[in-house]
Amino acid sequence: MFRRRFASAASGAEGRKAALARPERRWTLRSVAVLGVATLALASCGDDGDGGDEPGGDGDMFEGTFTLGLMLPQTGGLATFGEGMSAAAELAVQDVNEAGGVWGNDITQIIQDEGAAEEPEVVQAAADTMISQGANAVVGAASSTATLNVIETLFNQKIIEISPSNTGVELTDHEFGDYYFRTAPSDVLQGSTLAEVALEDGHQTMAIMGQQTSYGESLAAQIEEVFTAGGGEVLTTEFYDLAQTEYAAEASAMADSGADAFVLVSYEESRQVIPALVGAGLDPQDTQWYFVDGNNLGYDEDFDEGLMEGVKATTPGTAPEDLFTRVDEFRPGTPERVYVPESYDAVITVALAAIAANADDQDAIRDAMFEVVTGGTKCTEFAECKQLLESGEDIDYDGMTGPISWMPETGGDPTEATIGIFEYGADNTATRTDERIGQL
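In our numbering, each residue carries its 1-based index in the sequence shown increased by 37.
Honestly, the hints are just simulated from the structure, not real lab data.
Beta carbons are placed, not taken as given, at the ideal position from N, Cα and C, and that holds for glycine.
A portion of the hints provided could be inaccurate.
[Unchecked claim] For each label pair, taking beta carbons as the anchor points, the in silico distance ranges come out as:
#1 Q281 <-> G412: 48 to 58 angstroms
#2 D143 <-> E189: 24 to 34 angstroms
#3 T112 <-> D365: 20 to 30 angstroms
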């Protein structure tokens with residue numbers, strides 16, 4: 038087991054929760070063995086009401102309809118991931134409704150496509166729909182770039198936004214982040230983990246290729262920072278536009294660098310990037326390759342057997358097999374499991390916060406987001422947690438991703454997360470082989 042600390046790449050922003058002093062953010066990693074190697078007028082949010090007393094005791098329970106938007110990718114480079122994320126979120130809504138719902142009624146869902154990261158008009162249209170239909174909260178967007186395009190729009194309407202997969206460091210302490218949360222950790226944690234793994238593997242030099250987006254640039258920067266701090270050297274970094282379809286120039290730069298480790302930060306365009314890399318002479322059998330969450334995919338139907346063998350990847354999140362089984366039964370054929378637990382937890386947490394607030398007051402729900410994950414009776418299922426809240430108890434919800442570590446002084450960023458380590462076999466699919474717990 039090892040523990041190392043480096044200064045976080047994320048910077049603070051004055052004005053957000055100004056009454057609370059924020060500590061300096063740093064990260065720590067520890068290894069954990071894996072058993073088995075595995076601009077619109079303000080819309081009304083909810084029904085009319087002046088709020089109610091706290092749940093439990095002699096007070097009245099608030100009655101109304103909680104409206105939840107699911108703004109996840111159905112098109113674009115994250116569409117494959119969006120299938121699993123949407124399935125998990127909708128399963129969570131079903132679980133909530135079967136347990137009595139929120140405020141005495143079933144959750145009302147609004148489902149919209151966030152679109153591709155390079156199509157900001159799609160996610161803006163989705164956000165406008167959420168506002169016009171009175172959403173209390175939105176699960177999404179999946180892409181950090183997409184969220185950056187709409188975070189101010191949702192903030193202006195005091196709509197809670199909770200993303201299951203945003204990792205961009207720009208979203209930490211964002212000036213419009215008062216109603217923003219995420220169940221996935223920032224790239225400070227994943228980037229640090231990947232760099233540490235490469236250093237442990239004995240590599241001295243690295244080449245990085247990534248998409249020119251918030252996700253690609255921030256993750257590449259964190260990898261370089263920690264790899265360099267650990268004694269390594271990044272020889273070259275190349276970014277490509279998401280709209281391009283030819284990668285020969287970038288691939289040649291990677292191959293010509295002579296680095297003994299190579300990192301690709303991408304989405305599903307990796308299926309086109311990989312042949313360009315191999316064609317340029319950068320073979321994963323000769324140079325150690327590392328992937329990240331966005332391209333930790335199955336390539337068994339894309340390439341000849343054995344091409345990807347030995348490639349390593351990092352992906353935030355745990356591996357709750359029971360949830361994966363339930364998602365597969367709920368929506369057969371779901372292709373990817375990345376950010377499935379985080380999507381489920383996003384729905385459950387905001388539903389519990391609405392119950393704890395006992396009102397359709399957006400500030401009260403926002404404050405309750407912190408309250409339901411700290412300092413109370415531990416609970417792990419919605420029905421159990423709901424019963425505790427309605428009997429007047431404080432709760433501490435531990436979700437499918439484990440403890441959810443939001444704190445008012447650090448905002449809606451998880452301060453602790455599990456990062457899975459994967460390795461590809463001869464069948465060009467990845468198996469979870471290790472995990473690290475990263476702490477900010």
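Against the structure, the hints come out as follows:
At roughly 49 angstroms, the beta carbons of Q281 and G412 sit within the given window of 48 to 58 angstroms. Judged by the Cβ atoms, the range 24 to 34 angstroms given for D143 and E189 holds: they are separated by roughly 31 angstroms. Range check, T112 to D365: about 23 angstroms between beta-carbon atoms, so the 20 to 30 angstroms window is met.
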